[in-house]
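The primary structure of each chain is shown beneath.
Number of protein chains: 2
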Amino acid sequence: MLTRMPPPPRSLEQRKRDTLEQLRGAVDLWVASAGEDGDAHLVPLSYYWDGSTLTVATVRASRTARNLIRSGRARVALGPTRDVVIIDGSVEAIALGADPALEDAHARATGFDPRTLAAEYVYLRITPHAIQAWREENELAGRDVMRNGRWL
Amino acid sequence: MLTRMPPPPRSLEQRKRDTLEQLRGAVDLWVASAGEDGDAHLVPLSYYWDGSTLTVATVRASRTARNLIRSGRARVALGPTRDVVIIDGSVEAIALGADPALEDAHARATGFDPRTLAAEYVYLRITPHAIQAWREENELAGRDVMRNGRWL
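Protein sequences, first through last, are from chains A and B. Counting from 1, position 51 in the first sequence corresponds to residue 51 in the numbering used here; the numbering is continuous, with no gaps. Counting from 1, position 16 in the second sequence corresponds to residue 1016 in the numbering used here; the numbering is continuous, with no gaps.
No lab work stands behind these hints, which were simulated from the structure alone. Some clues are possibly wrong.
As the list claims (entries may be wrong) - With the C-beta cut set under 8 Å, the calculated list includes, among others, these residues of chain A facing chain B:
#1 38
#2 41
#3 86
Idealized CB from N, CA, C, for every residue including glycine.
With the sequences and hints as input, model every part of the structure.
Here is the structure:
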């Protein structure tokens, strides 16, 4: 049972600063995707944050890649469950070799380079349209920090 | 960039012990669900683990409740992204008042009691059919600890 009192809710400005810090500082996120069959999938992936978009790489034949390419939309989450950043975004598939600067940056950020692997990978660039940030129940109000692609 | 070497992969027995410990010890999990529209949803929820099933509670009108009740299936994840437990399971909706012992246990485990809240909640009991557990890349092989509802 949780009995401790959470600290007072953060201001919008503080949440935006914390969100950007988490995006810059974290390595992995949870990627949710939905199949045509109406089943949800969920996996952790490493990502590269360029200041406005997130890029992940995964095997092209994986459920995550197929789902994201089909729907063109992802919902991803960073951070522990009591300090979450949740992002809804559009997805663009980028073939290996199409953007070497991005591929180099992805390899530096994630510590793995799909260009060196035998399986066929694809990069998926996620552009956030909506971002929410909250820690505890008392931060559910005011959790939106981005809407319609704009920081509030 | 991650350069440290991970420890050697755990045995199946160790993974099962660690998975049960995580299920008993954690409070929150990530719940992925899919809508009829083919969009994925993802939220953190607190849960109660009774030794074989997980019970969460959420607002009946929420996307998560509607998606899970529609599809009858959930994919949920526990733990940090480098020590994951990922569960695929079937979902059963339980109305408030239908199982007081379960509702008491849920309130004790999660620290909140939907029976005291103004919004209409529903309990969702998830029965695992498949569970995977891994820490780093080198544990991807052998990540299945449950298949077809049976511990391996």
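Evaluated hints:
1. Given hint, residue 38 (chain A) at the interface with chain B, holds; its Cβ is 5 Å from that chain's nearest Cβ, closer than 8 Å.
2. With a least beta-carbon distance of about 6 Å to chain B, the hint placing residue 41 (chain A) at the interface is held under the 8 Å criterion.
3. For the restraint placing residue 86 (chain A) at the interface with chain B, the shortest Cβ-Cβ distance is roughly 7 Å, inside the 8 Å limit, so the hint holds.
Violation of the numbered hints given earlier is absent; every hint is satisfied by the structure.
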